[in-house]
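From just these sequences and the hints, can you work out the full model?
Chains as they are written, first to last, in our numbering: chain D, 1 to 114; chain V, 115 to 229.
Please keep in mind that the hints were generated in silico from the structure rather than gathered at the bench.
Glycine included, each C-beta is placed from N, C-alpha and C at the ideal position.
Treat the hints with care, as some may be off.
[As the list claims (entries may be wrong)] Derived Cβ-Cβ restraints for the label pairs, each shown as a range:
hint	chain 1	residue 1	chain 2	residue 2	range
1	V	ASP152	D	GLY1	11 to 21 angstroms
2	D	ASP17	V	SER181	42 to 52 angstroms
3	D	VAL20	V	LEU193	12 to 22 angstroms
4	D	SER18	V	GLY165	37 to 47 angstroms
5	D	ARG61	V	LEU193	37 to 47 angstroms
6	D	ASP17	V	ASP187	42 to 52 angstroms
[What the hints assert, rightly or not] Which bits of chain D does chain V cover? Going by a derived footprint, with three or more residues having C-beta under 8 angstroms, they are:
hint	segment
7	38–50
8	62–75
Chain residues, written in single-letter form:
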Amino acid sequence: GENVEQHPSTLSVQEGDSAVIKCTYSDSASNYFPWYKQELGKGPQLIIDIRSNVGEKKDQRIAVTLNKTAKHFSLHITETQPEDSAVYFCAATQTTGSARQLTFGSGTQLTVLP
Amino acid sequence: NAGVTQTPKFQVLKTGQSMTLQCAQDMNHEYMSWYRQDPGMGLRLIHYSVGAGITDQGEVPNGYNVSRSTTEDFPLRLLSAAPSQTSVYFCASSYGGRGGKTEAFFGQGTRLTVV
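Following this line, the structure appears as C-alpha cells:
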C-alpha cells in the first residue's frame, strides 16, 4: 500500500516569512495529492490539491509542487500570518481503481510567531 | 448544508464497554471513511465504504466494526473498548473521484477516552 512521509513535524516561522512542508510517497500509482489544514478542535479541511499531470499549482499565498520522478511534493506558504498557525497534513491516493482511500502524512504543526 | 456530522463530540468509556460513533453526510457521497488521529501518527484509516452495503478494512481495523445500510450513514462500533482506542475519531466522505471530484470532507471529530 501507499506510505506517505512528512517533514518537519514542527515548524516555527516569523510572521511574513515563508513556510515549506515536504512529503514523499511510495506508490507510483498515486495521482492525487491534497493538503489539509486542521485548526484546533476541528476536522481537517482541504486547502489545495494537485494532480499528477501538473507540476505546480498556486492559490494566492499557497502553492504546491510535485516531482513525480522523485515521488515528492511540497506545500509553500508565503507571507505567513498568525491565522496560518495550524496542523497541516499531506495525503496521497489514486482516483481510479479500488485503492481510492487517502493515505496521510504524520502532520506538521506550523506556528507563526507575531 | 450540514456536510459531515459526527456524534457525540466527546465520550468517556470504561474498558470493556461498547459504543457506536455516528456519522452522517448529506452530500450524496459514495465514499465514506473512518480515521483515528493519534499524536505524531497523522490520520490512520480504520474502515471505509465505497457505497451502501459495501465496506472494507483500512490500516487499523482491529476492535472496530462498521456497516453501511444507507448512503448517508456510516456508524463505527467499538465492540469492547480498550485504553489503546483512546483517540480522536474522524469520519470523512467524498465522491471518490467520480466526475473528477476528489475532495474529502471531514466531520468535527469525536474525542474518545477509554479508562
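Problem set entry | In rising order, the numbers of the hints this structure does not comply with | 3, 8
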